[in-house]
Amino acid sequence: MAHSHINEEYVSDSSSDFTEYWIDLFLGIKGNEYFCDIDEDYIRDRFNLTGLNQEISKLPTLIDIITDIIEIEKQPEDQRSTLEHNARVLYGLIHARYILTTRGLNKMFEKYRNGDFGYCPRVHCHLYPLLPMGLHDQPRISSVKLYCAKCEDLYNPKSGRHSVVDGAYFGTSFPAMFYQNFPQAIPVRTKDMYVPRVFGFKLHNYSKLSRWRELQRRKVEKRLLNAKPEGSRGGKIYVSSDKNDENAVNQDP
Amino acid sequence: MSSDPEEGYIPWIQQFCELFGHDYFVPVSQDFIEDDFNLTGLSSQVPFYREALYTILDYEVETNPTSDDAGGGGQKNQKNELPSKTILAHSAEMLYGLIHARYILTKPGLTAMASKFERNEFGSCPRFLCDGMHMIPVGATDVPGQETVRLYCPCCNDTYLPSSSRYLNIDGAFFGTSFPGLLIKMFPEIENQCAKRISRVDSSRLGLRLFGFRINELSESGPRMKWLRAYPKTEEEKEEFEQCELGIPNVLDESDGMYNSDSDMVEPDDDDDDDRTMASEGV
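So the protein lines, in turn, are chains A and X. If you're matching positions, the first sequence starts at 1 in the working numbering and goes up one per residue. If you're matching positions, the second sequence starts at 1 in the working numbering and goes up one per residue.
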């Protein structure tokens with residue numbers, strides 16, 4: 001990040017001895033581990049912020065705060081906490097847009113590879129990395145959820161500090177865009193299913209349901225193979241960790 | 001491991017259940033352990049079985065039976081044979097775990113575990129749509145030393161890893177594979193809770209979207225796993241579900257138009273879980 005006002009760091013009269021960039025401070029806050037840093041050029045380009053002034057007032061001031069052009073300490077004291085709060089909301093909303101761009105996607109891919117968003121808790125997903133996702137694109141409706149591409153399901157964040165992060169800061173489109181851009185990250189799905197057993201015998205109702213689900217799965221597989229006979233990568237759409245279970249759900253003990 | 005009888009005597013079982021990370025365990029009643037019938041077959045699975053058993057029951061072990069290096073459970077005998085003390089502690093934990101797996105299948109055990117379940121001591125399902133359903137500990141196998149404990153969610157019918165790493169050294173065999181199934185059969189209320197949650201889910205909202213548009217199934221990043229959480233909703237799906245009574249019907253070799261014949265009334269019915277008693281029509 002190029003800062004024209006780098007000298008100001010040393011003459012600042014703020015309470016701390018050193019001044020950090022607002023974005024770095026924001027990313028360092030506990031609970032903000034899911035965010036990536038946004039290029040300053042992206043924030044300064046007004047086109048990228050189209051429509052955000054409907055969500056938040058004093059947009060120009062907030063942009064200046066985020067990009068360290070003005071310091072929040074120089075603002076009237078009674079407004080500081082509101083400004084700081086709104087700056088965070090604005091950063092989140094810009095973040096939702098930024099992570100759909102090529103550069104944002106690449107940054108998020110790096111975080112995904114590091115497992116910054118956590119891993120799928122489902123046993124059959126074998127700790128597949130998750131992606132953050134919102135259920136709504138409007139802020140203040142729902143908190144962030146985590147998407148697993150292996151089971152295609154949504155999970156609540158493990159830690160309480162993440163369950164208060166607004167989902168709109170990631171947006172509803174992010175995982176779809178992510179896997180469109182990085183098809184190499186799409187996992188081969190597993191056909192493993194859990195069926196409760198009592199003394200080795202599968203419970204009938206559950207077993208029937210899992211047979212029906214297996215049937216649905218085979219239908220999908222058949223449709224896909226009819227459309228693209230070479231199948232997915234490696235010629236397989238689904239794999240099973242159990243080698244000899246070709247009809248595992250089918251046979252009752 | 002065995003407590004000193006003189007000062008602040010805490011029974012071994014209580015001590016064990018209060019250890020860090022052992023909060024999934026319930027205390028097994030003394031009577032259950034003392035009944036030899038309940039322990040059938042365990043003596044071949046656990047080394048130093050008799051000493052381990054006495055440790056659990058807080059007996060002083062005065063006899064020194066067959067094996068030459070097992071010094072019994074008493075503190076004094078143990079001091080000069082430190083390695084066997086750790087082995088004995090390990091055996092006692094393993095034996096207790098295996099007894100625990102049997103105990104929680106009995107009526108008092110199920111009741112004790114059910115109240116833990118009720119208090120959400122095993123954690124809630126991490127899956128968003130399960131809406132905090134309480135989970136039940138389960139083992140992947142009944143053989144000790146193979147897999148750690150997992151949590152079964154009766155709502156999505158799937159197993160999850162415990163959210164805290166403190167449970168990563170708890171053996172799954174100490175809970176066993178049969179426990180969740182029996183608990184659900186014993187307390188049908190659990191199934192009602194799940195049915196409520198399932199009926200609330202609006203399946204049309206599921207699946208990834210890009211700017212509001214669903215991704216086509218034929219796309220490489222398209223949906224592949226909808227079946228995993230699916231429930232039969234439409235009439236034809238329910239008919240198909242009934243055909244799955246005893247096996248997977250072999251419908252895939254025939255044309256896909258097989259089902260859209262006589263049932264034109266596709267009514268969105270939500271409480272799909274209750275019609276399992278519906279008389280099977282096909283086959």
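Since the hints were made in silico from the structure, they are not lab data. Take the hints with a grain of salt, since some may be wrong.
Claimed, not checked - Which bits of chain X does chain A cover? Going by a derived footprint, with three or more residues having C-beta under 8 Å, they are: (1) 24 to 30; (2) 170 to 182; (3) 194 to 200; (4) 209 to 216.
Stated by the list, open to error - Calculated pairs, SDA-like style, for lysine to any residue (alpha carbon to alpha carbon, straight line, at most 20 Å): (5) Lys219(A) with Glu240(X); (6) Lys219(A) with Met225(X); (7) Lys238(X) with Glu214(A); (8) Lys208(A) with Ala114(X); (9) Lys158(A) with Arg113(A); (10) Lys202(A) with Gly247(X).
Claimed, not checked - Stretches of chain A that chain X covers, calculated by requiring three or more beta carbons in the stretch to come under 8 Å of a beta carbon on chain X: (11) 142 to 153; (12) 164 to 170; (13) 220 to 227.
Just so you know, even glycine gets a beta-carbon here, dropped at the ideal spot from N, CA and C.
If any of the earlier hints don't hold here, list their numbers in rising order. 1, 3, 8, 12
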